[in-house]
Amino acid sequence: MLKKRIIFTLHYDKGFFNLSRNFRLQKIGDLNWLLKNYNFLKIAESIDELIIIDVSRDNREHDKFLENVSEITKNIFVPVCLGGGIRTLEYAKKLFESGADKINLNTSLFHDPSLVDEISKTYGAQAIIGHIDFRKKENDYYVYTNNGAKEFSKIDTAFMEKILELNFGELLLHSMDKDGTGMNFDYEIMKHLPQNNKKPLIFSGGAGNYHHLKEGLAHKDIDAVSTANLLNFVGDGLINARKIMLDEKYPLAKWE
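Going by the numbering used here, the first residue of the sequence shown is number 139, and it counts up by one from there.
Because the hints were derived from the structure by calculation, they are not lab data. Every value quoted in this text rests on a predicted model; they were computed, and no experiment measured them. Where is the CB? At the ideal position from N, CA and C, for every residue including glycine. Wrong hints could be hidden among the right ones.
Unchecked claim - Cβ pair distances, simulated, as ranges:
(1) N335 with I166: 17 to 25 Å
(2) N177 with E289: 34 to 42 Å
(3) A296 with N170: 45 to 53 Å
(4) N213 with Q264: 35 to 43 Å
(5) K259 with D359: 24 to 32 Å
(6) K352 with D255: 16 to 24 Å
(7) S208 with D374: 24 to 32 Å
What the hints assert, rightly or not - For lysine-lysine, the following DSS-like pairs were computed, each having C-alpha atoms within a straight-line distance of at most 30 Å:
(8) K329 with K174
(9) K381 with K212
(10) K165 with K212
Could you put together the complete structure from these sequences and hints?
Structural data, given as structure tokens:
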């Protein structure tokens, strides 16, 4: 059986790391706070992968972002995925050269699908996570781009089939409604996934405690769960969650 994964996501905005609730950012602390006060390196020992996204809404400072990434990743030993503002192959190359194992594509996935092909030809589809931010309105789901600012399309099975044809390796589904609420994942979106989907599926948005992580990983069609909640899993929260799941025979990697 393939191992399932716990992923932690960091939201970076112009030198600070943030909590996000329904895509409204709350500044928490800078790099020093993350590494020393929050003791992120200890928390990183309990995850399988780290995603760091530059969620700056304007005037992204790419070099400063990469400086922060370098400081975070030099002492952790899990795969790292970087995202935010990837509009060109050149910037994607810069992210890989800065240590990214994968990149996260969101807006470009919909507005410039040819970029997905360009990047996959150079680095392989397995190095790309296709990221969908979605919101529910009445009984329908919609995709949003540009940090959740622009509604792009209604989601149905035909739409998902078209997106899944693109050359990326994994699909991340992030609920804007559940984002930062701690009210659990929105599983209903899965009704729009084609039954023949073969891409690994990551669920994000809504995890507030280890029970939510357990429930997500127990789902046969979900390969990984991600949380970005810096406060709900402070201290030993994630470490204990992983230990409990391993004791209960969840298919997570076990490290000595």
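Tested hints:
1. Take N335 and I166: their Cβ atoms lie about 35 Å apart, and the range 17 to 25 Å is violated.
2. Checked against the hint of 34 to 42 Å, the C-beta distance between N177 and E289 comes to roughly 39 Å, which is consistent with it.
3. Separation of A296 from N170 is about 48 Å and conforms to the stated range, judged on CB atoms against 45 to 53 Å.
4. Checked against the hint of 35 to 43 Å, the pair N213 and Q264 fails, with Cβ atoms roughly 25 Å apart.
5. Range check, K259 to D359: Cβ separation about 29 Å, and the 24 to 32 Å hint holds.
6. One distance hint, 16 to 24 Å for the beta-carbon pair K352 and D255, is violated here, with the actual separation near 37 Å.
7. Hint check: S208 to D374, Cβ distance near 27 Å, so the stated range 24 to 32 Å holds.
8. Taking the CA atoms of K329 and K174, the gap is near 42 Å; set against the 30 Å cutoff, the hint is violated.
9. For the given pair, K381 sits about 25 Å from K212 by alpha-carbon distance, which is consistent with the 30 Å threshold.
10. Proposed proximity of K165 and K212 is supported: the alpha carbons are some 24 Å apart, at most 30 Å.
In this structure, the hints that do not hold are numbers 1, 4, 6, 8, in rising order.
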